[in-house]
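In this text, residue positions in the sequence shown follow our numbering: the first is 88, and each later residue adds one.
The set of hints was computed from the structure by calculation and includes no laboratory data.
Each residue gets a CB set at the ideal place from its N, CA and C atoms; glycine is no exception.
Watch out, some of these pointers could steer you wrong.
Straight-line distance between alpha carbons at most 20 Å, and here's what the computed EDC-like set of lysine to aspartate or glutamate pairs gives [what the hints assert, rightly or not]:
{"#": "1", "residue 1": "Lys393", "residue 2": "Glu429"}
{"#": "2", "residue 1": "Lys336", "residue 2": "Glu368"}
{"#": "3", "residue 1": "Lys460", "residue 2": "Glu412"}
{"#": "4", "residue 1": "Lys336", "residue 2": "Asp357"}
{"#": "5", "residue 1": "Lys354", "residue 2": "Asp397"}
{"#": "6", "residue 1": "Lys332", "residue 2": "Glu374"}
Label pairs and their in silico Cβ distance ranges [said to hold, decoys possible]:
{"#": "7", "residue 1": "Ser306", "residue 2": "His188", "range": "31 to 39 Å"}
{"#": "8", "residue 1": "Gln182", "residue 2": "Ser306", "range": "44 to 52 Å"}
{"#": "9", "residue 1": "Glu420", "residue 2": "Thr338", "range": "42 to 50 Å"}
{"#": "10", "residue 1": "Ser306", "residue 2": "Glu272", "range": "22 to 30 Å"}
{"#": "11", "residue 1": "Thr125", "residue 2": "Asp361", "range": "35 to 43 Å"}
{"#": "12", "residue 1": "Leu395", "residue 2": "Gly169", "range": "47 to 55 Å"}
{"#": "13", "residue 1": "Glu378", "residue 2": "Lys336", "range": "15 to 23 Å"}
{"#": "14", "residue 1": "Ala189", "residue 2": "Ser255", "range": "20 to 28 Å"}
{"#": "15", "residue 1": "Lys350", "residue 2": "Gly127", "range": "22 to 30 Å"}
{"#": "16", "residue 1": "Ala362", "residue 2": "Pro452", "range": "51 to 59 Å"}
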Amino acid sequence: MKIFIKYFIIAIVVGVGATLFYNKVYVVKTTYETISPTKGELEVNIRGIGNVSALNIYPITSQSAGKIIKILADDGVWVKKGELLLEMDSIDLPQQLEVAHANLLKAEYDYIASKSELKNLKVQQALLEVTYSRYKKLKERGFASESEYDKAEAEFKSAQANVVVSASRIDSAKAALIVSRKNIEAIEVKIDRLKVYSPVDGYVISRDAEVGQNVLPSSPILSIVDPKTLWVQTKIDERISSQVKVMQKATISLRSQPQKLYKGFVKRVDAMSDAVTLEREVNVAFESIPEPFYINEQAEVTISIKTLEDVLKLPLSVIVQREGELGIWLAKEGRAKFLAIEKIAQSESEIAIKNISSESKIIVPNKSKKTLKDGMKIRS
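Let's have the full structure, built from the sequences with the hints guiding it.
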């Protein structure tokens, strides 16, 4: 009797355990959630992470080497086109300009004196020409000696030579005037180049030198960005970059303003890919300038490639890969069946598929459940 009771109790325990295992483990492990495809629009987007930059960023440099004596702009300041930004040390250029003006004045006096001299020499030439003509006639009649005639001829020819020399001096004085004026212009240009003006209405994004510092002509002192050319430089994988076209609409999210989306559009797609990362640079411009903005700030762009209408779509979470094929698990007559999908397109969260119907029951994979296999019994 005791043995019977013992075995009876064991049988009850085993039965209860088996029931619990079936209900709590087996049934749970083979019970899956199923969903059906939905019909509607699918917006195909491409996302990228990049940094805020601009097409036009102007490095402001001095045109001549020297010491900075004034910087009138700083980081974060808006400047207007033509506004004075900085000034370099002129050293002795003002004194050189004074000397050049004095040389010009001297050249003007020399020119005036040369003209007066030529005028006088021409008068003398005319008088000596009359004297020479008279002695020539007298000599022909025998009233003047050969020596008197020779003297008159020599004086006349000397006067002619003096006129030619004087005319050359006037030409030389004219050239000296031109040289003096050009010298003044050159010094004034040098002085003007010591002042640097803003080339555009823009925003100062960096100040790379300070007053008193000596710089070379190629050394950047300030950097100014044209906010109208602001964009985000992002990298897109080569495999999908061919879908990106200029003027496609986009949205931009700045890291400093994650709650706000800025409208944008694809401004430029680089023709050359990065041979190392296998990505292509895409520049997405802002439709309106964000305020504030920071160059090199991280930003996320979402480019709208196309919108498909009346397509059957599924969440990406139900897509699995088996033996190199993308597919889904269908629930048919209580069993699981793998179906390789024919993809139309996909977005960040959904995928449009050809070879399914709206009545199809798709199993939602769950890592905590039993691994799905073709023909496996399931519950839904």
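Results for each hint:
1. Lys393 to Glu429: holds, 19 Å
2. Lys336 to Glu368: holds, 17 Å
3. Lys460 to Glu412: holds, 15 Å
4. Lys336 to Asp357: Judged against 20 Å, a Cα distance of about 17 Å means the pair holds.
5. Lys354 to Asp397: Distance of about 30 Å is beyond 20 Å: violated.
6. Lys332 to Glu374: holds, 17 Å
7. Ser306 to His188: 31 to 39 Å: holds, 32 Å
8. Gln182 to Ser306: 44 to 52 Å: violated, 26 Å
9. Glu420 to Thr338: 42 to 50 Å: The hint (42 to 50 Å, Cβ to Cβ) holds, given that Glu420 and Thr338 are roughly 45 Å apart.
10. Ser306 to Glu272: 22 to 30 Å: At 27 Å between Cβs, range holds.
11. Thr125 to Asp361: 35 to 43 Å: Holds - the Cβ-Cβ distance for Thr125 and Asp361, about 38 Å, lies within 35 to 43 Å.
12. Leu395 to Gly169: 47 to 55 Å: holds, 51 Å
13. Glu378 to Lys336: 15 to 23 Å: Since the Cβ atoms of Glu378 and Lys336 sit about 22 Å apart, the hinted range of 15 to 23 Å holds.
14. Ala189 to Ser255: 20 to 28 Å: 25 Å Cβ-Cβ, so the 20 to 28 Å window holds.
15. Lys350 to Gly127: 22 to 30 Å: holds, 24 Å
16. Ala362 to Pro452: 51 to 59 Å: For Ala362 and Pro452 the Cβ distance comes to about 37 Å; the hint is violated.
Of the hints listed earlier, those the structure fails to meet are numbers 5, 8, 16, in rising order.
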